[in-house]
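> The lines below spell out each chain.
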Amino acid sequence: MTAQVRGLRQDGAAGMAALLEIRGARRSFATPEGGRVTALDGVDLDVGANEFVTLLGPSGCGKTTLLRAISGFEALDAGTIRLDGQDVAPLPPFRRPVNTVFQSYALFGHMSVARNVGFALEVRGVPRAERDRAVAEALEKVGLAGFGARRPAQLSGGQRQRVALARALIARPRLLLLDEPLSALDRGLRQQMQIELKTLQHGLGIAFVFVTHDQEEALTMSDRIVVMRAGRVEQTGTPREIYRRPRTRFVAEFVGETNLFETVVERIEGSQARLRTPEGLAFTAPARGLAPGARATLVLRPADFSLGAAGAGIAGRVERAVYLGQDLHLLVRPEAGGPAIRVTVRDGAAAPEPGAKVSLVHDADAAHLLEEAE
Amino acid sequence: MRNPAGWLLLTALSLLFFAFIYAPLLVIVGYSFNANPVNMMVWDGFTLDWYRGLFGLRDRTGDALSRAAYVESTDQLLAALRNSLIVAACTTAISTVIGTATAIALARHRFRLRRLYEGLMLMPMMMPDIVLGIGLLIFFVSLGMQLSLLTIIIGHCTFLTSYVFIVVQARIAGIDPALEEAAADLGASEWVTLRKVLLPQLAPGILGGALLAFVISMDDLVITYFIAGTGSTTLPVFIFGMIRRGVKPEINAIATLIILASVLIAALGLWLRSRRIDR
Ligand SMILES: Nc1ncnc2c1ncn2[C@@H]1O[C@H](COP(=O)(O)OP(=O)(O)OP(=O)(O)O)[C@@H](O)[C@H]1O
Ligand SMILES: [Mg+2]
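Chains as they are written, first to last, in the working numbering: chain A, 245 to 618; chain B, 64 to 342.
This is chain A alone, in the form it adopts within the complex:
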């Protein structure tokens, strides 16, 4: 709980309240089998104006339920949601100043692209001429100028996604919710849209709450990542914090490739702790107030290792080498035993082949010890 609070933005003192403020959100569903599933189990979340927050978590952890609670399609069993300081519980979805980009896009098939995009203005009774101007502008912004007369069925997946985006943005919401909007796109288009979305969000000054279970996407786009697990917030932080200083084993394993070592602190040398695994592998990491004899889980990312001179560091044998463009992914089995270590090195002249003997050294400053006691 302490870490959760620490992860939140502490900007209350500066006087600027968060745009979105969720406290203790709970929601459970009755299952057909007669039991209950808890989709939200006490979620706290703050989102500042013009902040890009990503909800990241495995399937079924409650991301969609949380978004639906914000947009008003799901009522909470307990807890509050405030927008601009105002409790939104009594507001039906169509009165909430929030727009959504649905996972399935949910474009109106019987309307043209232009009418889809202008729908929010049409509903508000904005005059035709003004609406047309806004629609043209919105289509221009998402790179679909000239597509207004088409039907959604006549667009590609990426184009539909952009129509959905333009439609949600035309009413200039303060907060935009996006439920895995990129999951249906191929890799290239996806990366292009990631950049476009980020640029758009920054330029418009809108806050985004973005759902994904793709950790790479979360890392590249977000100002802040909220890692969820089984209806709870596991950790909140900047992409760097989440990647570099995961609080729990779950976060470390879910976000990015990782090596985890169960170690015991041998001795403390200044700010450094000397650690040893049961197999006898030795590591050095920032001490963080640990005493000798304490058990600690060590996190080392594949790129935190490099290949050292023979005799230095951990001796091992390359089990597998996968060439990925500039990088070489190695799976190294330590000679002392224990699980194989994942290592990423720059591809060079001395690229080791499977079966080769290598020695691994690690960057002691990049090493991170988990907080949670295992």
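Bear in mind the hints are in silico, worked out from the structure with no lab data behind them.
On a predicted model such as this, the values are computed, not experimentally measured, just so you know.
Any given hint could be a false lead.
What the hints assert, rightly or not - Covered stretches of chain B (in silico footprint by chain A; criterion: 3 or more residues with CB under 8 Å from a CB of chain A, positions within the stretch not fixed):
(1) 230–242
(2) 257–267
What the hints assert, rightly or not - Think about it this way: if two alpha-carbon atoms lie no more than 20 Å apart in a straight line, the pair counts; the simulated EDC-like pairs of lysine to aspartate or glutamate are:
(3) B:Lys259 to A:Asp376
(4) A:Lys442 to A:Asp458
(5) B:Lys311 to B:Asp112
(6) A:Lys442 to A:Glu366
(7) B:Lys259 to A:Glu366
(8) A:Lys442 to A:Glu424
We put the CB at the ideal spot given by N, CA and C, even for glycine.
We have chain A; now place chain B with the ligands onto it with these hints.
Just chain B with the ligands now, with coordinates in the frame of chain A:
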């Protein structure tokens, strides 16, 4: 097709199938132009007399008595047709509105006894016509209602609502509920969402249900037979009465016109459907 024998068999079967369905209709169409007034099984040359007769245009050379009989039966025929159209139009309008509204309510709202409600909506369709007819007759009589066009309209609505309901329900099941959520998300109230999103999406289903209701209403004999008063004979009841007095060649002409109308309505339906898919 890799197997010529199989292909041949399949083609032959299809041809037989269609011949089986359409032969009786073609026979009627053929006989409607047969000049033989006594035995219509014997071809006696081409004539349009029976069609002229239907519309009171048959040349008036016959004796006064038979001429009067023709004019009378033509008037009755046209009156029956008019009654049928009135009934079908009213019934279609009423049952389409009620059936559609019920289908939407059942698909989009969760409430207790929903299943039971659904079952009750479908029941009249399963009910044998003869039971429905007798039931309606006893009901109207016990209420002291005069049998009239009104009782026919009420009677038809009781089971045609089911037909519209089932057609619209099938359509609504295929519509992503996220569409309505998207509309609400963009600021549309429930009413606006219904008008601008749900109803246009449902339109093909509603139209299909309405066409079905219209056709069945025009066609219904058994139930209508029980609840039609003397002044409110519909076309099927009238034709049935004519046949009981002997098959007259005019009946072939009426049947041919009805076939023509049905084909036109079916073509209209198909055309509307294909237009939906194209865009
Ligand atoms: N209407 C519902 N009725 C019953 N259970 C539900 C309902 N909606 C969600 N759940 C359950 O609540 C949990 C959270 O669902 P949710 O859709 O929020 O997950 P998610 O994090 O969005 O997953 P995904 O990444 O697969 O989309 C799941 O266990 C799901 O089965
Ligand atoms: Mg989801």
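> All the hints need checking, so say for each whether the structure fits it.
To see whether the hints hold, each was checked on the structure:
no. : hint                 : verdict
1   : 230–242              : holds (count 3)
2   : 257–267              : holds (count 5)
3   : B:Lys259 to A:Asp376 : holds, 18 Å
4   : A:Lys442 to A:Asp458 : holds, 16 Å
5   : B:Lys311 to B:Asp112 : holds, 12 Å
6   : A:Lys442 to A:Glu366 : violated, 27 Å
7   : B:Lys259 to A:Glu366 : holds, 10 Å
8   : A:Lys442 to A:Glu424 : holds, 14 Å
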